[in-house]
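As you go down the protein sequences, you meet chains S and G in turn.
For the first sequence, our numbering assigns the number 1 to the initial residue and increments by one for each residue that follows.
For the second sequence, our numbering assigns the number 1 to the initial residue and increments by one for each residue that follows.
No lab work stands behind these hints, which were simulated from the structure alone.
All of these numbers come straight from a predicted model, not from anything done at the bench.
Treat the hints with care, since some could be wrong.
No copy labels: a pair is met if it fits in one copy or bridges any two.
Capping the alpha-carbon separation at 30 angstroms, the derived lysine-lysine pairs in DSSO-like fashion look like this [what the hints assert, rightly or not]:
id	residue 1	residue 2
1	Lys211	Lys2
2	Lys102	Lys220
3	Lys220	Lys144
4	Lys2	Lys67
5	Lys198	Lys134
6	Lys98	Lys254
7	Lys137	Lys122
8	Lys220	Lys58
9	Lys38	Lys220
10	Lys198	Lys184
11	Lys2	Lys227
12	Lys67	Lys233
13	Lys184	Lys220
14	Lys227	Lys136
15	Lys38	Lys211
16	Lys220	Lys76
17	Lys211	Lys102
18	Lys233	Lys77
19	Lys118	Lys194
20	Lys226	Lys76
21	Lys220	Lys254
22	Lys149	Lys102
23	Lys58	Lys38
24	Lys211	Lys194
25	Lys38	Lys254
26	Lys77	Lys220
27	Lys194	Lys115
28	Lys122	Lys211
2 protein chains.
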Amino acid sequence: MKIVLIGSGNVATHLGKAFQDCGHEILQVYSRLGTNAKALATILKCDATYEIKDINTKADVYFIALKDDAIETFVKKINFSGKVIIHTSASLPMDILKASSKDFGVFYPLQSFTKNRKINLKDVPVFIEANNSKSKKVLLELAKCISDKVSEITFDQRLTLHVAAVFANNFTNHLYKIAGDILKTSGLSFDVLKPLIKETADRVMTTDPSKVQTGPAQRKDHKTIKKHLELLKNFHAYNNIYSIFSQSIERQSK
Amino acid sequence: MKIVLIGSGNVATHLGKAFQDCGHEILQVYSRLGTNAKALATILKCDATYEIKDINTKADVYFIALKDDAIETFVKKINFSGKVIIHTSASLPMDILKASSKDFGVFYPLQSFTKNRKINLKDVPVFIEANNSKSKKVLLELAKCISDKVSEITFDQRLTLHVAAVFANNFTNHLYKIAGDILKTSGLSFDVLKPLIKETADRVMTTDPSKVQTGPAQRKDHKTIKKHLELLKNFHAYNNIYSIFSQSIERQSK
Chain S
1 MKIVLIGSGN VATHLGKAFQ DCGHEILQVY SRLGTNAKAL ATILKCDATY EIKDINTKAD
61 VYFIALKDDA IETFVKKINF SGKVIIHTSA SLPMDILKAS SKDFGVFYPL QSFTKNRKIN
121 LKDVPVFIEA NNSKSKKVLL ELAKCISDKV SEITFDQRLT LHVAAVFANN FTNHLYKIAG
181 DILKTSGLSF DVLKPLIKET ADRVMTTDPS KVQTGPAQRK DHKTIKKHLE LLKNFHAYNN
241 IYSIFSQSIE RQSK
Chain G
1 MKIVLIGSGN VATHLGKAFQ DCGHEILQVY SRLGTNAKAL ATILKCDATY EIKDINTKAD
61 VYFIALKDDA IETFVKKINF SGKVIIHTSA SLPMDILKAS SKDFGVFYPL QSFTKNRKIN
121 LKDVPVFIEA NNSKSKKVLL ELAKCISDKV SEITFDQRLT LHVAAVFANN FTNHLYKIAG
181 DILKTSGLSF DVLKPLIKET ADRVMTTDPS KVQTGPAQRK DHKTIKKHLE LLKNFHAYNN
241 IYSIFSQSIE RQSK
């Protein structure tokens, strides 16, 4: 299929390459910032534009990987009847695309894409939502060419997936950051935590996390919890997070 | 060296095997519960006892891997002058061992040990604290035989390490649990999060977590945060955790 990529961020970059690798043709990259459009177009060896009026009209698919607010603004400015319009947002309903075409849908890969990190997309679950059979066929073709784990979901399920991902990815990463900040106060390096972080993640690949919960709160060890809160007394926000987690874990422990 | 293991839990099991693998001799396992002592002694092919008076007095090292409260009770009941007494507690000072010998110290491996999970101990940082040069020599010999990452630390540093580990391991595991609970409400499986969990952990092996923070709070996307809090309205504790994390992340975002 012939694809125009709308956006030039991490999602557009990772998916654009993947679509190309499985034989689709990227005609053009659009980005409001010409330099960004060109940078990705250079990687993908295709055209670039920063003008909506110059967007190539020959594609089968217009694949929008912009920030939520930008998507809403963008779709009001285009009309591609006969083409399939897709967005990748976790939080926006599919119908937002109605203005730009009668065939549309959502392509939601459950992964965190970061610059310069190669991701094995075959393992990444891709969730799709389509407004009709034509859009669904296109979405399935795109999704199945890059991933072995493709499912159809509803908008409500997509929102739920996003909330769960915020806990498992964004908040987990923040915990790593906090742990590093705490170590710094004693002149210790974040590196010492790496085997523990790896083991914590590896363990839940095969075991339900509720079955491997450990630590002071799990064993209701209030003496240690008290020592830890005392040690965190100068970190007001972290002290608060420590308390709330300890309460939540203890409530669920047997 | 000849070692008596005091305790038969996960730490005693993992370390007992590792000491044996690098040539030390486990003479005996002591546990208050005879069946537990025997179970580990069977694995290590050594003696077992549940009576303090029957603890073998021929060892060089008495290696105490009990719960904190049990350590305090245990050391008051023994006297092994001339022997090196070691505990593995994150939170107890070294001096608690003073009652049982004049040579003592702490052996603190920064890892979460779970039953039936093999851990590559060579990568696990081991932190030691010794009260004199005799104890230090013994601790270094034990630590260096199982790990390539041995350091001396103070009691305050050990407490700090433990707090950081609680964030990086215990709280992270609780986030995985929460994410799974949230998915269940939409009939989705925890499995879909595994590639994301893996990537989140892998990423910080080479990148500072503060440089890869993503998500609604990081980009100050209050619309999405509001939707998520609404979706969590029936999960009071999780809604609270979501708010506090979002505030903490946003405060640190640029």
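Hints and how they fare:
Taking the shortest alpha-carbon separations for Lys211 and Lys2, neither the intra-copy value of 48 angstroms nor the inter-copy value of 35 angstroms comes in at or below 30 angstroms. In the homo-oligomer, the alpha carbons of Lys102 and Lys220 never lie at most 30 angstroms apart, since the shortest distance is 57 angstroms inside one protomer and 32 angstroms across protomers. In this homomeric assembly, Lys220 and Lys144 never come within 30 angstroms of each other (Cα to Cα): the closest approach is 47 angstroms inside a single copy and 33 angstroms across copies. Within a single copy, Lys2 and Lys67 get their C-alpha atoms as close as 23 angstroms, which meets the 30 angstroms cut-off; across copies the closest is 63 angstroms, which misses it.
Proximity of Lys198 to Lys134 under the C-alpha cut-off of 30 angstroms is found in neither arrangement, the shortest distances being 43 angstroms within a copy and 35 angstroms between copies. Proximity of Lys98 and Lys254 under a CA criterion of 30 angstroms is satisfied in neither setting, with 50 angstroms inside one chain copy and 35 angstroms between copies. Taking the shortest alpha-carbon separations for Lys137 and Lys122, only the intra-copy value of 19 angstroms comes in at or below 30 angstroms, while the best inter-copy value is 51 angstroms. Taking the shortest alpha-carbon separations for Lys220 and Lys58, neither the intra-copy value of 64 angstroms nor the inter-copy value of 36 angstroms comes in at or below 30 angstroms.
With identical chains, the CA atoms of Lys38 and Lys220 are at most 30 angstroms apart between copies only, with a shortest distance of 27 angstroms across copies and 57 angstroms within one. When the C-alpha separation of Lys198 and Lys184 is checked against a cutoff of 30 angstroms, the pair qualifies both within a copy, at 20 angstroms, and between copies, at 25 angstroms. Neither within a single protomer nor between protomers do Lys2 and Lys227 lie at most 30 angstroms apart by alpha-carbon distance, with minima of 61 angstroms and 35 angstroms respectively. For a Cα distance limit of 30 angstroms, the shortest separation of Lys67 from Lys233 across copies, 25 angstroms, qualifies, whereas the shortest one inside one copy, 38 angstroms, does not.
Proximity of Lys184 to Lys220 under the C-alpha cut-off of 30 angstroms is found in both arrangements, the shortest distances being 27 angstroms within a copy and 27 angstroms between copies. Taking CA atoms no more than 30 angstroms apart as the test, Lys227 paired with Lys136 passes between copies only; the shortest distance there is 26 angstroms, against 56 angstroms inside one copy. For the homomeric pair Lys38 and Lys211, the shortest alpha-carbon distance between copies (25 angstroms) is at most 30 angstroms, but the shortest distance inside one copy (49 angstroms) is not. For the identical chains of this complex, Lys220 and Lys76 are inter-copy neighbours only, at 24 angstroms across copies versus 55 angstroms inside a copy, given an alpha-carbon limit of 30 angstroms.
For the identical chains of this complex, Lys211 and Lys102 are neighbours neither inside a copy (48 angstroms) nor across copies (40 angstroms), given an alpha-carbon limit of 30 angstroms. In this homomeric assembly, Lys233 and Lys77 never come within 30 angstroms of each other (Cα to Cα): the closest approach is 53 angstroms inside a single copy and 36 angstroms across copies. In this assembly of identical chains, the alpha carbons of Lys118 and Lys194 lie at most 30 angstroms apart whether taken from the same copy (20 angstroms) or from different copies (17 angstroms). Taking identical chains as interchangeable, the C-alpha atoms of Lys226 and Lys76 lie at most 30 angstroms apart only when they sit on different chains, with a minimum of 24 angstroms there against 56 angstroms within one chain.
In this assembly of identical chains, Lys220 and Lys254 lie within 30 angstroms of each other by CA distance solely inside one copy; the values are 10 angstroms within and 38 angstroms between copies. For the homomeric pair Lys149 and Lys102, the shortest alpha-carbon distance inside one copy (27 angstroms) is at most 30 angstroms, but the shortest distance between copies (61 angstroms) is not. Proximity of Lys58 and Lys38 under a CA criterion of 30 angstroms is satisfied intra-copy only: 19 angstroms inside one chain copy versus 75 angstroms between copies. Taking the closest pair of Cα atoms, Lys211 and Lys194 come within 30 angstroms of each other both inside a single copy (22 angstroms) and across two copies (16 angstroms).
Taking identical chains as interchangeable, the C-alpha atoms of Lys38 and Lys254 lie at most 30 angstroms apart only when they sit on different chains, with a minimum of 26 angstroms there against 57 angstroms within one chain. Within a single copy, Lys77 and Lys220 get their C-alpha atoms only as close as 58 angstroms, which misses the 30 angstroms cut-off; across copies the closest is 25 angstroms, which meets it. Taking the shortest Cα distances, Lys194 and Lys115 sit within 30 angstroms of each other both inside one copy (21 angstroms) and across copies (20 angstroms). Within a single copy, Lys122 and Lys211 get their C-alpha atoms as close as 29 angstroms, and across copies as close as 26 angstroms, so both meet the 30 angstroms cut-off.
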